[in-house]
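Participant: Sequence:
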Amino acid sequence: MSAFLLCFAAWTALALGMDRHHADVRGRDAPLRQLQGLRGGGWLLLLLSLGLAAQSGSGPASLAVTAWAVALSLAALAVTALLTWWPRRLAVLAQLALCAGVLAAASGW
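The sequence shown begins at 38 in my numbering and counts up by one.
Worth flagging that the hints you see were computed from the coordinates, not collected in a lab.
Beta carbons are placed, not taken as given, at the ideal position from N, Cα and C, and that holds for glycine.
Treat the hints with caution; some may be incorrect.
Distance ranges between label pairs, derived from CB positions [claimed, not checked]: (1) L84 with R126: 22 to 28 Å; (2) V107 with R65: 19 to 25 Å; (3) P124 with L84: 41 to 47 Å; (4) L111 with L84: 26 to 32 Å; (5) L69 with G96: 38 to 44 Å; (6) A98 with R63: 37 to 43 Å; (7) S99 with R65: 40 to 46 Å; (8) R76 with S110: 17 to 23 Å; (9) S144 with V102: 29 to 35 Å; (10) C136 with P97: 40 to 46 Å; (11) V139 with R70: 21 to 27 Å; (12) P124 with R76: 17 to 23 Å.
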């Protein structure tokens, strides 16, 4: 569960790091530095979620990484759907997903 939530937050950060999507979600343009920060944060969250998936003790690392790839794909699909139908709510949902993902990772869920 934590892998999906962190991937969702990561894909949202990467999407908001693009001018067009940022304007759709926030209603205004963002400074270049903020866009670069969102992109960097998105990549860091993806790496963190991969590391957490590989470290999970639920089975072999190959199965954990495969489950992470599934979570990555589903999260990308969810972000794409929300950007299409509810762009204004995406940032709030991503913040909630990030908080829940960190709590789930800390609790080992």
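Participant: Please go over all the hints and tell whether each is borne out by the structure.
Facilitator: Verification of the supplied hints:
| no. | hint | result |
| --- | --- | --- |
| 1 | L84 with R126: 22 to 28 Å | holds (26 Å) |
| 2 | V107 with R65: 19 to 25 Å | violated (35 Å) |
| 3 | P124 with L84: 41 to 47 Å | violated (26 Å) |
| 4 | L111 with L84: 26 to 32 Å | violated (18 Å) |
| 5 | L69 with G96: 38 to 44 Å | holds (43 Å) |
| 6 | A98 with R63: 37 to 43 Å | holds (38 Å) |
| 7 | S99 with R65: 40 to 46 Å | holds (44 Å) |
| 8 | R76 with S110: 17 to 23 Å | holds (20 Å) |
| 9 | S144 with V102: 29 to 35 Å | violated (21 Å) |
| 10 | C136 with P97: 40 to 46 Å | violated (30 Å) |
| 11 | V139 with R70: 21 to 27 Å | holds (25 Å) |
| 12 | P124 with R76: 17 to 23 Å | holds (18 Å) |
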